[in-house]
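Chemist: I would like the entire structure built from these sequences, with the hints used as guidance.
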Amino acid sequence: MLIFYVIYPFIRLVQTALGDPGGWNNVRFFFSNTANVFVVQITFRDAAIVTLIDVVAGGVMAWALRSARSRLMRFALLSAIFVPFWMGSVVKIYAFTALLGRAGVINTLLLNLHLTKEPLHLLYTQPAVVAGMVYQMLPLAVLPMYVAFSSIDTDLIIAAEGLGASRARALLDVVLPLAVPGIFATLVINFVLALGFYLTPVLLGGLTSPFTATLIQQDLFAYSDFADASIGGLMLLAGGIASVTLGYFLVGKERLRRAISA
Amino acid sequence: MSLKSVRLLAFVGVAAMLLTACGSSSAPATSSGPLTPSQTKGRTLVIQGWGGAWTDATKKFAEHFASEYGVTIKYVSSDDPELTLQTQSNAGSVQMDVVDSASWISYKKGILAPFPDYLVNTIKANVDPVCVSSTFIGCYGATANVIACNPSIISKCPTNAQQFWDVQGYPGPRAMDAVTPDATLLFALLADGVSKDKLYPIDITKAINKLKKIKPKVQVWLTSGGQMQQVLVNKEVGIEYGWNGRIFTTLQHQIPNLQVSWDDSVVSNPTQGGLAVAKGSPNADLAFTFLNWWVQKADLQAEWTSALTYPTPNKKVNSLLTPTVLAAMPFAPNHTQPVLEDAEWTFEHQTEEEKAFQQFLTGS
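Heads up: the sequence lines are chains A and B, in that order.
Quick note: the first sequence, position 31, residue 31 per our numbering, numbers continuous.
Quick note: the second sequence, position 214, residue 214 per our numbering, numbers continuous.
Among the hints, erroneous ones may be present.
Listed below are the simulated DMTMM-like cross-link pairs for lysine to aspartate or glutamate, each with C-alpha atoms no more than 20 Å apart in a straight line [said to hold, decoys possible]:
1) B:LYS109 x B:GLU353
2) B:LYS235 x A:GLU118
3) B:LYS206 x B:ASP342
4) B:LYS109 x B:GLU303
5) B:LYS59 x B:GLU303
6) B:LYS355 x B:ASP80
7) B:LYS212 x B:ASP166
8) B:LYS156 x A:GLU118
9) B:LYS316 x B:ASP299
10) B:LYS213 x B:ASP203
11) B:LYS198 x B:ASP342
12) B:LYS217 x A:ASP20
13) B:LYS109 x A:GLU118
14) B:LYS196 x B:GLU344
15) B:LYS156 x B:ASP263
16) B:LYS355 x A:GLU118
17) B:LYS279 x B:ASP263
18) B:LYS215 x A:GLU118
Since the hints were derived computationally from the structure, they do not count as laboratory data.
Owing to the predicted nature of the structure, the values given are computational and were not obtained by experimental measurement.
Modeler: What follows is the structure, given as structure tokens:
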């Protein structure tokens, strides 16, 4: 199974990348196109930004879920996380189009409150892509962290407060160190997922804010340049492998696996 | 054998069967004459089109053929049917029959099926000689890029390229055609003061430099014909340099006071592309029969043109069109004549042009 689904396609990918029309020159050609280099950089940078925002926001939500006592609160939080998760990605992205458009919700609100004179150019920009991705990936950030947090005994906080710590101090000094492996695991997984995002950058970023996946699509369907597309794919694969390897070393195989299975 | 290896073997067996079943079967092309309805009954024809309003108009047309010949027609759309054909040809698995429509580039790349003699004769009998070719029916779907402006959100509407670039004098968010770079590059050169007879060969660097000046004010770089209509209707932009047919549809159905200017417009050469059949298509003989039927139907072609204002080749079509539609077509005498694009140049410089445009768009 592993050979069929992973190793053979990988070999074919490398073959295509180094095949027609120039062999190893394809790599040089890929990097000589400043658009490719620039977009790969943007992809890695924006994926990192999205991951950081998601882990912070997701961490807060996960902890709220963990320490929620009333059933209503738990229900509200679970719905807030899972209902968007179950909606289709395309629907959510089009909702963002309606939010961010020139005549969309945000601009109408700002204009009516007289906070701006002209509608803001929000759609088809990099911040739009980042916002859309943060929204899409939030459930995926909350779940692994919730698993990590649920293994932390809440009695520890009571004990810390009993010894004189404020709530904030208790969370920072007692809970956070215990949660660090879970947080790192979530960072790694979310970064790898964010690297490969396609729909959100295409629909919210357009041609001027592409991700590597958009470029790969252009290479495949507009330019029929399979070598270029393969190299783009290998770039993303390299990024993903590097992050997971880093995760293994920082966090340990067992915790990473537990976080992924959440 | 262990259970594991039995499962693996079964999986491989099923996979092999599926792969062979998905292979395309090519029917022999009859070169003696078109198929008769009794021969075509029950077959399927795939028409690859531009989507949106274009495909809607083609549907109305082709359904007559479907009922007359007992054929089921599948309408597949993409932002650019020709690119889809190129990708499928490269992959060795052509899944479309009729290419609605193809350009000079497909012809040069040899991915269009040559017409049988009977079809060429029918074409010659029904269209102007300049529209006749052995691989496509020309004078079909020539698309012009024009300036559209929505006066509801734009106080002062630009009417030519230089005004389009004047963001102080004519403020407002703009959208520009990015489906293929040609029209936009030519428009930039016209804005830069290049005279119409000196546009080719296109100085790509000069055009890109001019485009860089207006990039901050371009809200949307359009990737499809449907988007051209959508961004005007949902007021994402107020000024657009887009396809005349889509703009006409918006004018007719959604924004009745849309202002259209033909100054500095650019049009694809009508003799350099048209309706064609994909080489390697699984139903080439049926596709040729369809084209043979299509080229004779002047009334249906007139209906198609009335919906989109793109020309159709039959000699009798112009006499069937209303004055409104005639005035909105690319070569109507009452407005500035558009500059003819040169698809030969595009074929020679495709990669160079596209890479430069891609680098410009991504800001690198």
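Chemist: Hint by hint, say whether it matches the structure.
Modeler: Results of checking the hints against the structure:
no.: 1; hint: B:LYS109 x B:GLU353; result: holds (17 Å)
no.: 2; hint: B:LYS235 x A:GLU118; result: holds (13 Å)
no.: 3; hint: B:LYS206 x B:ASP342; result: holds (18 Å)
no.: 4; hint: B:LYS109 x B:GLU303; result: violated (32 Å)
no.: 5; hint: B:LYS59 x B:GLU303; result: holds (12 Å)
no.: 6; hint: B:LYS355 x B:ASP80; result: holds (18 Å)
no.: 7; hint: B:LYS212 x B:ASP166; result: holds (13 Å)
no.: 8; hint: B:LYS156 x A:GLU118; result: holds (16 Å)
no.: 9; hint: B:LYS316 x B:ASP299; result: holds (8 Å)
no.: 10; hint: B:LYS213 x B:ASP203; result: holds (16 Å)
no.: 11; hint: B:LYS198 x B:ASP342; result: holds (12 Å)
no.: 12; hint: B:LYS217 x A:ASP20; result: violated (40 Å)
no.: 13; hint: B:LYS109 x A:GLU118; result: violated (48 Å)
no.: 14; hint: B:LYS196 x B:GLU344; result: holds (18 Å)
no.: 15; hint: B:LYS156 x B:ASP263; result: holds (16 Å)
no.: 16; hint: B:LYS355 x A:GLU118; result: violated (34 Å)
no.: 17; hint: B:LYS279 x B:ASP263; result: violated (38 Å)
no.: 18; hint: B:LYS215 x A:GLU118; result: holds (18 Å)
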